[in-house]
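Line by line, the protein sequences are chains D and Y. Sequential numbering from 1 applies to the first sequence in our numbering. Sequential numbering from 1 applies to the second sequence in our numbering.
Calculated directly from the structure, the hints in this document are not laboratory data. Predicted model, so just to flag it, every value in this text is computed and none were measured. In this text, a Cβ means the ideal position worked out from N, Cα and C, and glycines have one as well. Fair warning: there could be bad hints in the mix.
Claimed, not checked - Listed next, the stretches of chain D that the computed footprint assigns to chain Y, with coverage defined by at least 3 CB atoms under 8 Å from CB atoms of chain Y:
#, region
1, 91–102
2, 108–119
3, 181–192
4, 244–254
5, 260–266
Take a look at the letters that make up each chain.
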Amino acid sequence: MGFSPMHDSLIVYTFAIFALTTLCILWRPQGINEAIPAISGAILLFIAGIVPLQDIVYIFKLVSGPSITIISTIVMCIVLESIGVFRWAALNVVKRAKGSGIRLFWSIMLLCFLMTVFFNNDGSILITTPIILHIVQIIRIKPHQKLPYLFAGVFIATSASLPIGVSNIANLIGLQIVGLNLVSYTNLAFVPSMIGIATLSLLLYLLFRNEIPRKIPNIQDSISDPTFKNHPLSGVQKSVESMNWTLFRTCIVLVVLIRGSYFVLPAYGFSIEWIAITGALLLIGIRWVSLKISPIDVLWKAPWHILVFAFGMYVTVYALKNTGVTSYMMSLLDGVMTQSLMSASFASGILISVLSNLMNNLPSVMLGTLLITEIGLDTQTLQVAYISMIIGSDIGALLTPLGTLATLLWMFVLKKNGVPITWSAYFKVALMVIPITLVVTLIAFNLWLWLIL
Amino acid sequence: MIIFSLLMGSGFIFYQLLTPPTKKAVAPTNMVNKEKRKFRINGVQSNA
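Bound-form chain D, shown alone (with noise of 0.2 Å):
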């Protein structure tokens, strides 16, 4: 797993590997799955000898963990879908605004967030996404007074992958090898997340407050109005009147314990990738005695491609270490790393918010990680420096759509359902919200540590 120097031409053979995979994931030439292209290179770089068998085999043990938590918070994510826990959320969010637009934008907020907190940050997107164009469709509002209510979604599920750690693939993969686990990443990052979120939702609050209407129509009404029969929630009201209500509130009752044992079972011995598969199997269970449905279905829709994706994204990155490219960047920072808690915060975060708008944060956290790691830090400074990177990851990353996979999902469903948002557009309404949210966050995550250590 050392670092050999090695020929020039190797060099540029991964360099392009490297960008030619990541160009491939960003941009999904036929609409290819993100996994193939991640897969694609990392066999490339395996034969060429770049990454040898026993990196692999560390590689396979580092991301099967999490990848298999993740996957499983989504088959969870699939079954509630499938019952129709989902579908009546958009409904439900619109009657608790008692006609308030205000108060329908921070309810969409917190449902996002929650989302997010309960499941994952891409499931939030590809959940929450259609319900608030449901939602948008419902009230009946003028296409620029939908962007807050989508902004807000977006900003708000991929930022709160923050608090828990628990909520994002890039996230966990880290924790292992900086010697944090969920107990101690959730100690040091919980407050300061919940400082940056609150200032991400008054920042967007104050930017859109002229657009979000005053007050929007009473659900009740819409849904009586003979001609709101052909709305796409006129399907809602019928999975309302036939919900099994007892089967609905066990579910989310189950995926609230299922999280919260996270924190406390792994004491016990329990790995939190077990915890998660228990958690699948027993509502894939529940759903099957109560309304007899096999889990076939579940097994066709589980996003397997993720332990797949991760693994080859990480092995192309784990090239890149291997050339030499992370020593390079080690003795740029090595000096500013070093200095201080402060300064080691400050570099971290924002290098990995710059490195993500311009290749992702997925490969951006697992290069930034591997880096902080040679550079030969003790402890603690390599702890807050990651956590400093994963902010950078879940805030600093949300600049451009580029960032985050979350967002280039959102920009996809948004398309294909006729609200389509553009790059400039997006990146004028971030320019706004990420770079204050970014450095209140960080300096909350520096104000934290004196206040604890």
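Once you've looked at the hints, dock chain Y against the given chain D.
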């Protein structure tokens, strides 16, 4: 334990957000019919 409690608190809000507001209890039809019969047996005019 604090993290667990915070998560459970958030879980409660999540549950509230997703589940419909509780409706007022409504007596099932068979209970209403039973009450009507009881009124008729006692010779009292029922307004139910």
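Consistency of the hints with the structure:
1. Residue count for the region 91–102 of chain D with a Cβ under 8 Å from a Cβ of chain Y: 4. That meets the three needed, and the coverage hint holds.
2. A count of 5 residues in the region 108–119 of chain D with a Cβ less than 8 Å from any Cβ of chain Y is obtained; the coverage claim is therefore met, three being the minimum.
3. For a cut-off of 8 Å, the count of residues in the region 181–192 of chain D with a CB near a CB of chain Y stands at 4, and the three-residue condition holds.
4. A count of 5 residues in the region 244–254 of chain D with a Cβ less than 8 Å from any Cβ of chain Y is obtained; the coverage claim is therefore met, three being the minimum.
5. Coverage of a stretch by a chain is defined here by at least three residues with a beta carbon nearer than 8 Å to that chain's beta carbons; for the region 260–266 of chain D and chain Y the count is 3, and the condition holds.
Violated hints for the displayed structure: none, as all numbered hints are satisfied.
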